[in-house]
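Colleague: Sequence:
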Amino acid sequence: MPDLKTQRTYALVGHGGSGKTTVAEMLLFNSGVVNRLGKVEEGNTVLDFEPEEIKRRGSIQPGFASFKWNKNDHFLIDTPGDSNFAGDLSYSLTAADGVVMVIDAVDGVKPLTRKVWALVQEMGLPSMIVINKMDRDRADFDMAFNGIHDALGARPALLYYPIGSKENFKGVVDMLSGKALMFGADGAVTEGEIPGDIADEVETIRETMIENIAESDEDLMEKYFEEGELAPEDITKGLQAGVASGELVPVVVCSALNCQGGQMILDTVQNLLPGPLVHKPWLGEDGSELASSPDEPLACFVFKTQADPFAGQLTVVRVLAGQLSPDSQLVNTDNGEKERVGQLLLMTGKEQTPVKTPMGPGAIVTLAKLKNTHTGDTLVEKGEFKLAKPALAPQLITFALAPEEKGDEDKVYAAVAKLLEEDITLTLGRDEESADILLSGMGQNHIEISVEKAKRRYKTAILLKTPKVPYRETFKTGAREIQGRHKKQSGGRGQFGDCWIHVAPRASGEGYEFVDQIVGGSIPRQFIPAVDKGVQETAARGVLAGYPVIDFQVTLYDGSYHNVDSSEMAFKVAGSLAFKKACEKAKMALLEPIMLVTVAVPDSFMGDVIGDLSSRRGKVLGSDSQAGITEVKAHVPMAEMLRYAPDLNSMTGGQGTFFMEFAAYEECPPQETEKVIAANKKHDAE
1 MPDLKTQRTY ALVGHGGSGK TTVAEMLLFN SGVVNRLGKV EEGNTVLDFE PEEIKRRGSI
61 QPGFASFKWN KNDHFLIDTP GDSNFAGDLS YSLTAADGVV MVIDAVDGVK PLTRKVWALV
121 QEMGLPSMIV INKMDRDRAD FDMAFNGIHD ALGARPALLY YPIGSKENFK GVVDMLSGKA
181 LMFGADGAVT EGEIPGDIAD EVETIRETMI ENIAESDEDL MEKYFEEGEL APEDITKGLQ
241 AGVASGELVP VVVCSALNCQ GGQMILDTVQ NLLPGPLVHK PWLGEDGSEL ASSPDEPLAC
301 FVFKTQADPF AGQLTVVRVL AGQLSPDSQL VNTDNGEKER VGQLLLMTGK EQTPVKTPMG
361 PGAIVTLAKL KNTHTGDTLV EKGEFKLAKP ALAPQLITFA LAPEEKGDED KVYAAVAKLL
421 EEDITLTLGR DEESADILLS GMGQNHIEIS VEKAKRRYKT AILLKTPKVP YRETFKTGAR
481 EIQGRHKKQS GGRGQFGDCW IHVAPRASGE GYEFVDQIVG GSIPRQFIPA VDKGVQETAA
541 RGVLAGYPVI DFQVTLYDGS YHNVDSSEMA FKVAGSLAFK KACEKAKMAL LEPIMLVTVA
601 VPDSFMGDVI GDLSSRRGKV LGSDSQAGIT EVKAHVPMAE MLRYAPDLNS MTGGQGTFFM
661 EFAAYEECPP QETEKVIAAN KKHDAE
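The sequence shown begins at 1 in the working numbering and counts up by one.
Be aware that a few hints might be false.
As the list claims (entries may be wrong) - Ranges between beta-carbon positions, derived for each pair: (1) I677 / R430: 23 to 33 angstroms; (2) D150 / E674: 21 to 31 angstroms; (3) D410 / N372: 37 to 47 angstroms; (4) D327 / L596: 46 to 56 angstroms; (5) A118 / N372: 34 to 44 angstroms; (6) T236 / D308: 16 to 26 angstroms; (7) D565 / K587: 27 to 37 angstroms; (8) G383 / D308: 22 to 32 angstroms; (9) G622 / G520: 22 to 32 angstroms; (10) D327 / S623: 57 to 67 angstroms; (11) N563 / R430: 22 to 32 angstroms; (12) D603 / E203: 30 to 40 angstroms; (13) N563 / D410: 29 to 39 angstroms; (14) F310 / L596: 20 to 30 angstroms.
What the hints assert, rightly or not - Result set (DSS-like, lysine-lysine): computed pairs, CA atoms no more than 25 angstroms apart in a straight line: (15) K115 / K389; (16) K585 / K675; (17) K386 / K338; (18) K389 / K406; (19) K619 / K675; (20) K459 / K533; (21) K580 / K488; (22) K487 / K585; (23) K533 / K587; (24) K418 / K487; (25) K487 / K465; (26) K356 / K338; (27) K382 / K350; (28) K338 / K280; (29) K459 / K587; (30) K356 / K389; (31) K371 / K418; (32) K587 / K476; (33) K476 / K533; (34) K476 / K488; (35) K369 / K338.
I should point out that these hints are in silico values taken from the structure, not numbers from a laboratory. Everything numeric in this text was worked out from a predicted model, so none of it was measured. C-beta: ideal position from N, C-alpha, C; glycine also.
Whole structure, please, built from the sequences with the hints as guidance.
Modeller: Now the structure itself:
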């Protein structure tokens, strides 16, 4: 089993386009896993290997790597930065002991950076920050570094100061040793002289860093005030304590594309991020705790499932406690099923390496061919520990799916259902009103790429349709003394049902109520539920535009019957006829779902975003600006938000993020009502 004190398990996180996968490629090159740097643009990086990732030049699922750095074991999780594919980020973070957040020197902190950072903080993970792309034309180190404090609220400790920038980025100053480290070819590093033009600034920043370190520990603070300096071992000790408590965030700079700075990142991970033995106890669903120790009973958390064309389903687990060995017999505490583990596999991209030694806490291990285990499950050797599942981000968009060939609906459903095993941020269902197959996910890109994957893997022709918005209908005014009479005579026994009803609107959210006021037996008791059923079935089909009628009261107060010809069916038809007449006599309204939308964008885009929301019939509720990022809240009709993601993307150059949740139903404006009614008539005619 690896030395757990020096083992490191960490997640690379950050906004899309910050260069996380390129940073991971550099780390794999520096550690000797690959002998040639791959490039995202060329589709040959180790961790982006799915055809959809190569095509779009970006990660759509977490990538895994295991390697050694200075003989120490490292397990790396490269998480997607696009919000379309980061809905299960909390699961990847649960599997990590620490976090390496990547910010790029051109854009600095973006809205999604703040969102990811908030989740990292909420989960209490010790972190470091890498400022990447120092070689780019518009690289601005000061802007990116200042954003760490101003926009993220973190206390940065700059460990490596850049020497030069843009095309002149050629080295760093190690702030702890005071040495200049100059970059050579293929990531090589040699010692050099600190350039005179930055010497004063380096000294000032170093003093600030040491003050920050001293402030994170009372004993160090006292020593610093007394002596005016801290010994190197005190600085390291203070840094480690500050990182562990979340008080300090070490900062490293790099140019991953040019393989500059990888060694510094790996050294910082090794020296300052924690190992698995100091992880806080794992919390079970029942409130029980399990220490992160190899001496505890074995427990593993399934945080990702992947499909492999040759090995079938691959289950990726984090060992929480105990020791996982090949050929272990495990129990899934989520469903009680027994699972036999065969080989233990270590993943680096799509390469699988069998491992014969037991793996302890912190190890990221892949298991093949488990039969009844899914993402989010806990596997144990004995006992009943079940890890409390982390929360998932809410889904933002729903599309309807249809087969290219009529009659292939079940084939489409089955193909997409297979994707749900490996992507827990997708949900699949059927709309009872329209019979559509509905696929919900994190954004339009998420849905489109998932459908693309299903088509490729399962050879199924699938069409994507904008889903039917769940409009509703209701009464604006009531209708009194409405008769529903059904009489049919066609030889032999006839049909007869006769009822009188009042209909009245109810307040929003109060639902449907049926009031029985029959006295004197004008309708026999056994037929009264049939009237109620006739009303409800007709209301479910709608009268204006084919949508369910909600929030109304029906009072049945009179009627008549025939000893021979009356039946439940006759009174059900009578109830339906009465309800239709009431709808014709009363004033009806179409209701549309209104969403509470929260949009976060850089301040410079605020005017465009608010104008766009208003053009979507939105009502802006307010905005809040902090550290250059504005958060806008608005009520917007769902019908106007179905394709908002790509519009926001193009409006803000990919820098905006949003989420939405259902708020209420409101009356649809007359012109919109006419459009919906016309669309329904056209659909019925087809």
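Colleague: Which hint numbers does the structure go against, in order from smallest to largest?
Modeller: 2, 3, 6, 9, 11, 13, 14, 18, 20, 24, 25, 27, 28, 29, 30 and 34
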